[in-house]
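Asks: What follows is each chain in one-letter form.
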Amino acid sequence: MADSSDIVLDRRDVVSRILAARGDALLVTGLGAPTWDAAAVGDHPNNFYLWGGMGGAVPTALGLALAQPDRRILVLTGDGEMLMGIGSLATVAIQKPENLAIGIIDNQHYGETGMQETATAHGVDLAAMAKGAGFGLTATVRTEDDLVAAIPLIFDAPGPVFFDIKVTAVDQPMTLPEKDGLAIKHRFRAELLGDTAQK
Amino acid sequence: MAEQTGWSDEVFSILRAAGVAQVAYVPDAGHKQLINRCIADNKIKHVPLTTEEEGVALLGGAWLGGERGALLMQSSGVGNIINMLSVSNECRFPLLMIVTMRGEWGEFNPWQLPMGQATQTTLEAMGVIVLRADAPEDVPETVAAAAKLSFEAGRMVAVLIGQKVIGFKNWDK
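Going down the list, the sequences are from chains A and B. If you want my numbering, it's the position in the first sequence, counting the first as 1, plus 13. If you want my numbering, it's the position in the second sequence, counting the first as 1, plus 896.
These are calculated hints, taken from the structure and not from any lab test. Some hints could be false.
[Said to hold, decoys possible] Subject to a maximum C-alpha distance of 25 Å in a straight line, what follows is the list of computed DSS-like cross-link-like pairs (lysine-lysine): (1) B/K939 / B/K1044; (2) B/K928 / A/K198; (3) A/K109 / B/K928; (4) A/K144 / A/K109.
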């Protein structure tokens, strides 16, 4: 059984500090709290917010990474969302996208549905699963020092890289970004692709 | 297994001509030749999946990045993609799916029947436009029509290739 008493990192602080270092990286967020976190720390036209499609954050980012090999692609999603699409780690690993980074904001709970425990609260090790799939760089981030070391690697280390970031299970105020999927898509494509976006 | 002949090669050419750059798939015997053509082509990124719903999400991401894609699967895979179609629907991502049918014409495995018989209804319930091809000579133009609907009209489209086209599964081989 994993011990949650040593979890100290705050999810909003973690997401804020990661995204402060984003440069021109493109971001895909998984449904629920990671989408609220990204919106809370600053809306951005390079953000694609998922509000549904649980399990789809990593494969969405993979399709984007294959289409945009010269841009860094970051996924921030939750432990429950990752677990639902866990097979996608194998799909990513065999494509070996050097520009893809996955960050799990792991509070060990299903935050949107009543804070039921996920499997990571019971010792399931997401970083080990990514390593088993074949990711070259995987880590579990627990401390301030771990986080400081991880942030540059998220953006610069050859991908695919995987960081399971343990955060406290504390409710945060919900900050909701645009929820019209069509509008989110159009904005993202217009920013990335410019005049060719509608072709 | 019935020999696949011209239609797989023609479909490959149609996908190339439509600008498809990512082909995602969970294998089916009926797609064997088309998958092999995609693997052999260095301009198409071929993405084997662990489950078909990854392909729906993947192709949404591809479109976000400016690339077109196609998803190849068997009819049983349609059962695995239902909720992920919400994303394509809400974001109006083009989604081109080519589905080889089981559980219909001459099927010998009763376990294939529930999903095979529900495939078209399920897709349509989720808002997918369904086109069928039940003769080999109809497959290429049906895929071409679906590609146009998908990429130019921006819709989710599935081509169901009837089991009659694929032929009976031969378990004596």
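Asks: Which hints, by number, does the structure contradict?
Replies: Those not satisfied come down to hint 2.
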